[in-house]
Amino acid sequence: MALTPRLTPEETRGTDPVDTGPVELLACGRDAAEVWDHAAAGTLDEHERDCPHCGAAAADARGLEEMVGHLAGQSLVPPETVVDRVVGAVLAELRPRDLIPLDSPHGPAALDAAAAAAVLRGVVDAMAGMRARSCRITRPSAPGGAPGPAEVAMTVTARFGVDLASTTARVRQMVLAAGEQALGVPVARVDIEVVDVFVDGAGTDGPGGSS
Amino acid sequence: MTSAAAPVVATPTDLDEQTLVVRAQEGDVRAFEALARRHQVALYRLAVRVLGNRSDAEDALQDALLDAWRRIGSFRGDAAFSTWLYRIVTNRCLGLLRRSRPTTPVADLSEAGDVVGATRAASPERQAELDAGMTALAAALAELPHDQRVCFVLRELEGLDYTEIAEIVGTGETTVRGRIHRARKTLAEVMRPWR
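From first to last, the protein sequence lines are chains B and R. All the letters of the first sequence, read from the start, carry residue numbers 15 to 225 under my numbering. All the letters of the second sequence, read from the start, carry residue numbers 325 to 519 under my numbering.
Just so you know, not all the hints are guaranteed correct.
[Unchecked claim] Simulated DEER-style distance windows between Cβ atoms: (1) R:D485 x B:G121: 58 to 64 angstroms; (2) B:F174 x R:V353: 25 to 31 angstroms; (3) R:D402 x B:A106: 28 to 34 angstroms; (4) R:G419 x B:D177: 38 to 44 angstroms; (5) R:D485 x B:A156: 52 to 58 angstroms; (6) B:A55 x R:V353: 38 to 44 angstroms; (7) R:R354 x B:A156: 41 to 47 angstroms; (8) B:E107 x R:T407: 22 to 28 angstroms; (9) B:E38 x R:E453: 31 to 37 angstroms.
[What the hints assert, rightly or not] Which stretches of chain B does chain R cover? Using the computed rule of at least three CB atoms under 8 angstroms from a CB of chain R, they are: (10) 148-160; (11) 193-202.
In case anyone wonders, no lab produced these hints; they're calculated from the structure. Note that the coordinates shown come from a computational prediction; the quantities given were computed from them, not determined experimentally. By construction, the Cβ of each residue, glycine as well, lies at the ideal position given by its N, Cα and C atoms.
The task is simple: from the sequences and hints, build the whole structure.
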């Protein structure tokens, strides 16, 4: 028989006391919510099937379940414009957070680190079997105070089965070249960490994790 | 080593959720947009069912997504990203409900009726009966205490488990279970004539 559970102090703090009480027991001693869950899942046990108190709760559960099923089946889709408006507002309030100094004979110039990272991620995404995840670019000062060569730290995911050694070597070469050619920043160091693998067609919602 | 069927360039919609989250946390707006598009339907559904009308739900979704962008740096991955988003939308909806006058019915019944009818019955009579039942259910849902309504919607209409709901509403599983049970009992009582 299920016992009436006790509430922890965290569960009762700052909430309406009427709405935090435990689930009542039926006259037969069964936990009413448990019987309801069993009825909804079609897993009533022998007692629950034969007991009139459990039977009444199960009938209520099944009656409501049918109508709730219809409600749950309704298609509710937001207008496309909602996300468009959100993205518009995000872009409007976007301010450069981190800047990478550029070598310029015409005065100070800098590149937004998020934009630079997007360029390098794009280079990796264009390679078969690799996808960029994190990309952080720093440009520490060289002795004398001038900006030294950039350092890039990337995490990537790789398609299951690719040759990691040769592919990451190719990623390093491509990032070195893109830093110089696309960003105009010499790159001295590229750290690459393969943090996950993906399988084509199953990569849109994987649980992630390291490998 | 490479497959001929592989896409040449991975677009945001091809990417796994964790990659999109990390990119968005590093300021990639397109990655955030892909996340928003991926989750918007479920979040909107939750908002419509909690608030009772589409117009307020659109506003709540929009504000919640902006809030999510501003706070995405605080997402640590302890729970699923969808749970984190559900929590932001839930808080936004509860805030709107608390600000609404308690004597004003939360659901606009004409709009509740408007969302009825995904399932078509065999006969017009049965369909009319079904529509009336669904309108009654929507109205009864709107009369539930806010916390009960949120928990019921997350469980019965979104199919989440007690642990996820407790995470979203920021309370214990025992409380969630109690709220859902009380909501079920109230709704079952109201819906008895339609059985």
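How the hints compare with the structure:
1. Range check, R:D485 to B:G121: about 59 angstroms between beta-carbon atoms, so the 58 to 64 angstroms window is met.
2. A hinted range of 25 to 31 angstroms for the beta carbons of B:F174 and R:V353 is consistent with their spacing of about 30 angstroms.
3. For the pair R:D402 and B:A106, the beta carbons lie near 31 angstroms from each other, so the given range of 28 to 34 angstroms is met.
4. The hinted range of 38 to 44 angstroms is not satisfied by R:G419 and B:D177, whose Cβ atoms lie roughly 52 angstroms apart.
5. Between R:D485 and B:A156 the CB atoms are about 55 angstroms apart, so this pair conforms to the stated range of 52 to 58 angstroms.
6. For B:A55 and R:V353, the hinted distance range of 38 to 44 angstroms is satisfied, since their beta carbons lie about 42 angstroms from each other.
7. One distance hint, 41 to 47 angstroms for the beta-carbon pair R:R354 and B:A156, is violated here, with the actual separation near 33 angstroms.
8. The hinted range of 22 to 28 angstroms is satisfied by B:E107 and R:T407, whose Cβ atoms lie roughly 26 angstroms apart.
9. Roughly 32 angstroms separates the CB atoms of B:E38 and R:E453, a value that falls within the hinted 31 to 37 angstroms.
10. Coverage of the stretch 148-160 of chain B by chain R holds. Counting CB-CB distances below 8 angstroms, 3 residues qualify, and the rule asks for three or more.
11. Residues of the stretch 193-202 of chain B with a Cβ under 8 angstroms from some Cβ of chain R number 0, which does not satisfy the need for three, so the listed coverage is violated.
Taken one by one, the earlier hints fail for this structure at numbers 4, 7, 11, listed in ascending order.
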